[in-house]
Structure formats: structure tokens, C-alpha cells
Amino acid sequence: MPFAGVDIGSVSAKSVIISDNEILGYSILPTGADVEDVARRVLNESLKKAGLTESDLERIIATGYGRISVPFADDKMTEISCHAKGASWFLPETQTVIDIGGQDSKVIKLGENGTVISFVMNDKCAAGTGRFLEVMSRALELSMDEFANLSLKSLKPCDINSICTVFAESEVISLRAEKKPVQDIIAGIHKSVAKRILAMSTQIGILRPITMTGGVAKNLGQKKALEDTLGFKLLTPKEPQIVGALGAALFA
Amino acid sequence: MNKTYQEYFKMLEFTSEEIEKELPRIEKAFTKLGITEDDLQICIKRIKNSLDVSLVGMRKILKILFKETIDLIMAGEEYEKIVYITLPGWGGAFIAPIRNTHPEIYGQCIDMLTAVALHPLFNKQVQCLETGEKYLPAGNIHCAGFRTLLGAMDMGVFAKPNMMISWGIYCDEGPKVTELMAEKYDIPIVFIDQYQDFPTDVGVPFPRYVNFVAEEMKKTFKEIEKVLEIEIPEAALMNTMTETMGPHRDFTAIQQMMLDNDPVPLSIADLMIAFIFNSLTCSPDNKKSKVDALKTLRNEVKQRVKKGEGPVEKGRPRILDTVPSFSDPESNHLFQECGLQVAGTDMAIYPPDGSATPDLTDCKDFHSYVAKTVMAIPASAGVAVRKQVLAAVANKYKIDGIILDPSYSCRVGFSDCQIMRNFVEKELKIPVMIMEHDCYDPRFFTPGQIRTRIETFAEQLKVYKVSKQIEN
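Here the protein sequences line up with chains A and B, keeping their order. If you're matching positions, the first sequence starts at 1 in our numbering and goes up one per residue. If you're matching positions, the second sequence starts at 1001 in our numbering and goes up one per residue.
Simulated from the structure, these hints should not be mistaken for lab results. All values derive from a computational prediction rather than experimental measurement. Using N, Cα and C, we set each Cβ at its ideal position, and we do this for glycine too. Among these hints, one or two may not hold up.
According to the in silico footprint, chain B covers these stretches of chain A (three or more CB under 8 Å from chain B) [as the list claims (entries may be wrong)]:
id, stretch
1, 78-84
2, 114-122
Below are the SDA-like pairs computed for lysine to any residue, each with C-alpha atoms no more than 25 Å apart in a straight line [unchecked claim]:
id, chain 1, residue 1, chain 2, residue 2
3, A, Lys109, B, Ile1470
4, A, Lys224, A, Cys164
5, B, Lys1468, A, Lys224
6, B, Lys1387, A, Gln203
With beta-carbon atoms standing in for the labels, derived distance ranges [claimed, not checked]:
id, chain 1, residue 1, chain 2, residue 2, range
7, A, Gly231, B, Glu1427, 24 to 30 Å
8, A, Ser174, B, Gly1156, 52 to 58 Å
9, B, Glu1007, A, Asp34, 50 to 56 Å
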């Protein structure tokens, strides 16, 4: 029986089609302004990749911030439960999930079968999120790919002290004025995000192994900064961005 | 009067005769507050969406809160002297003997009334907060309750009092901020102090603490008499005690029914309104109505229990929410929208067993009665008592999970939050979630973020309940 999970995040919309515990197809699109439209398009695209139509689907679960705006979904689940479930499917040994999404970051402690035991989310601030990294890459006039890769070349990451995105941006501009190497500034930015995640993690007491999910997990510079800060290696699923949508499909 | 105004007053159970009589004062107060038709439309929607106005008792409570706020705004014109007392709500009992014996004096537990009325009923709390932030910056430490009061005074909405009474029961910061306000407005101020170092290894009652607060209260009454040039006879204090006991008994009965029953018969959004309402002192005109409103609500809740009714269906996870929002019924309503039954708040349950009634049998006079009621509230009594009460409630009333709510601008909840989380997780072994918010400041309510947290907690609790059933 095919099931679909549709994850409408603040930056990207994802859809995964599964059947018999196998991924048949998935799709990722920028969310844009029309949530309902992108939800439909991302589902259709994933269905096309799976060689199915909507009528073949048994159930659809929506997740993510836009979950309430997916009228064709049979039910909705929060992205926290879905990331836990999806990460556990990809990497069953996972004990903790770090999900850095577009507008929030979460640390989730897992129980058996990917259930949520405890979780913590960032608050009303974009520091420590994908949006924070986007703002910083724009300030440095780099694409996200360039931004992520340059960080790995840093030998001496700068200190970014601010925990506010707007203030951090001005710090970055000052560091540029001081002619600090751009790779050190980026590594400093990644380190500041990692420190935010560490602070959140200590609140619930993380257990290893830890799996990193969400679009930011593709940023190898950020992953390295997190590993350096936490003091151990992180696991990453093959496609970390679809973990939430996969979790939703598994719940379906 | 146009349709919006008619709808608003109808929702608050006003008769056309009452409106006709009260309209000049209401219009004056509305002008001072800057109320527009848009504000009233927002309030109608906010109240209808988040409070159970099908309950007559709730409508009666809202009506009195409206009238009390109008009295507060008009106090500068209508009374000779004004005295404000700050948190905790039992300040209402403190003010009552002054008002009962001296009708020319207006008094109110000001930050409790503003918290519960300005946002839900008038949509003006944010405006007062923003004005208050000219003097006290937004953010931690400076309580949003004080910022609201300061803003309202600066806007000329609330009159400058002749005296302020500040409790240092919950927090050491309250008196300091009140002192700052006293300096700005040149208001005489008296502090009711309390130890802030609670024993960690004993439960309540702490007689030493209760006695200290009772003595502080006696000292405060002497100061009030001096500053306001009045006399408050001992009999007035005893009369107040009798007067407050009736409504308090009705409120505690409501909280107890919520703890005892599944489905929980009342929403936490409604309970919080009743909780703060119970703690206020009322104008002579509203005193009888206050008794009637809480009695009516109690009877309605009792009927629901008999019929097995509640806002959330039976069997759904039952939680305790330590400090729900005072000012924002919409955020409190989210729990039931997410399928959670909130059985109570630890501001309205008492040691040793977590029931809704404090043990006041050893209280011989007014001072010890108020002091013990205040000091027995877990939030006033330190970590040891909070642990004792949460453990008792969780076991006795089948609580599936606990939400701890540290309030951004309040140090009381923040300081012990992580200790309590570890305690609930490790000792009580039930799910726990920390949900940061601000119990006074509705600007901290971000629907997306809070909803995701509460929904996830609800999903977590569903799994927990199923696994517990399998275990059993």
C-alpha cells in the first residue's frame, strides 16, 4: 500500500512516497508564498517519480509549519514526531536527532521505534537556524554551497559572539572590514550555530548516536562545527532533507 | 450604539438598562484607553474562541472584570485616595478591609486585574506594555506586569496612587521595580518582605515563614493607616476573612473537580480567568455579584461532572500546567485544541497532597490566614514543596504529563525550571515539557511555535499512555 508524507517547511516543501517500507519517490521544492499550491506540486512530483497517481495512495499525512494548509492530507503530525520517526527508519541506532531547519532547530531524544521521549526547540529567534546561515551567506555575497564548502578550509575560526541574527550580521561585516579570511568568518558562524545547539542539547541530556537531519545537514561545514563542538561524530541519512516527510509517510 | 458594541455588551451579559446607566462612565473610560470598534471586534473573537461563554458563570465573571476595570480607570475621578497592591493575588484580600471600612478609598490588586482584563477584554495590554517600556526595557528581569502598570499610568489611564504596597513573596525583583515606580511618581511605598532562601529538605508548612509574612502584614497595615490617615479596626480584618472564604471555597471546588474528574470539566483558559478573578477585591457594587458568579460557575461545572462532559473527551491525556498565561486565553486554549486535558495549575494546588484546598486549620487571625494561603502555594514555597506537590498530584490525580512554564520576565519560574524538569523525568517518570512564555505579555505568543510544541507533547503523551496501558 502506498502512503505519502508531505512536509511543508518554512524554506522547502518535501514529499515522500513509501510502500512496503520502501521509498518509491521523493521531491523537494522551495516553499514560496502559496503553501497549498506547493503542497500539491511537491506531492505530484514525488508521485510522478514513484510512477503513481494520488488515487493510488492509501493515506497522506502532512507535517511541518504548513501542515495545517494541506487540505488533501488525511491527518497531520508535528515535524518533531516525524523527524524522530524518519531518522529512526534511516538509521535505527539513532538515540538523538538534531534537526536544523529553516526557521527553527530542534534536539529530539528518541525512545523505542523512533518515539519522542523529550525535545527542545529554539525560541523566538533565528539564531541557530538555517535562516541564520542564509542571512550570513547573503552578507558575505556567497551562494549556500560556496558558503558551506569554504568553511571546511578554515584553520582558525573567528569568534561570533552575538546570539542574534541581526547583530551577528553586523559582526560579520566588521570582521570583513578587519580583512579576516572569509573561510574563518564562515567557520565562526557555523561554530556559533553549533554552540546554540549544544546549549539546547544539554537541557535534555543527549544520548549517542546522534543523527543530524534537515536541509542544514547537507552543509558539511556546519556538520563539522557541530561535531567539533559536541566532541563526537554525527550520523547523516542519505537524504537528510526528506526525513520529516518520510516520518509523516511512515505514520500514515 | 452600533452592532459591534451591542454584541460586545451582550456577550458580557449587560442588560440595556445597565448599559444606559453605565454608558457615560464606560465611554469616558474607553476614551482614556483609546478603545476603538476594531479593538472590540478583536476582543469578541478572542473571547468567543478561547473562553467558554456558554457558561453563565464565565459570562458573569467577564462582566464583573469589565466593570472592575472601568472602576479602576475612573478611580482617579471618583475616589479621594487610591492604593495599589501588586502580585500575588491574595493582595485582593489585603485591600478588602481598607475598602470595606473606607468607601472613599479605591484599592486593587492592580497587576492581577490588568493581566486578566486588559488583553482579553480591551485589547490594550500591548499598548500599555510598549508605553511602559520607555522606562523599563523589555525582556528578562523587568516583569511585564509592572511594565503594563507603568505604561497605563504614563498614558494617564490609571491614576497615580497615594500609596503602593509591594509583595516580595515570589521574587526579590518586584519590590525593586515598584520602588523605581515610586521614585518616578513620588508615591509612598511599603514592602511585605519574605525570605527567599527556602529549606530544600522539608515540606510545608514552614511556620517560621508564615509567621514572618504575617508579622510583615501587620507592620504594613500600620503603615497604611499612617500614610492614608485612616484606621482599620481588627473586626474589619475578620469580616474580610469571612467574606473571601465563600468565593474561595467555590473556586477551590472548581479546581478540585478538575483534578478529580475525567473528562476534566472546565478548560484551563476558563480556570485561569476564574483563578485571578477570585483573587481580586471588588467594588461594593460588585461584591455580591462576585459571590454569585463563582457559585454559578461552580454549579455549572458540577453539572458537567454529573453528565460526564468536558471540553476535551474522556480518556485524553491529563496534564498539569504549572503557570498558564494570565493574560492570553488564546494560548491557554491551545491545549484543548491539541487534545490535552489540563487538570490544574500548581498555583491553585497545595501541599501536602496536591489538593485544591490549603490547610488553614491552625490560622487564628486574618494575617496568618492570608500569609499561609500565600506561602503554601508551591511557587511561593520553594523547590522542595513544588516537588512534593507535583509528585502528589501526579500520583493521586493520574496526571500523564507536566508542562513547566518559565515566564521570560519572571525569575521565579526560571530559576527552578531545570531542577523540576529533571525531577519529573527521573523521579516521577512521566513526560515533561518546558514551554517558555510570558504569563503577562501576549506578544510572546507565537501560535506556530507554541502549537508545534503542544502538539508534539500531545503526540508524545498518546504514545506514553498506550505504552503504559500495555505495561499494565
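Enumerated hints in conflict with the structure, sorted upward: Going through the list in order, the structure violates hints 5, 8 and 9 and respects the others.
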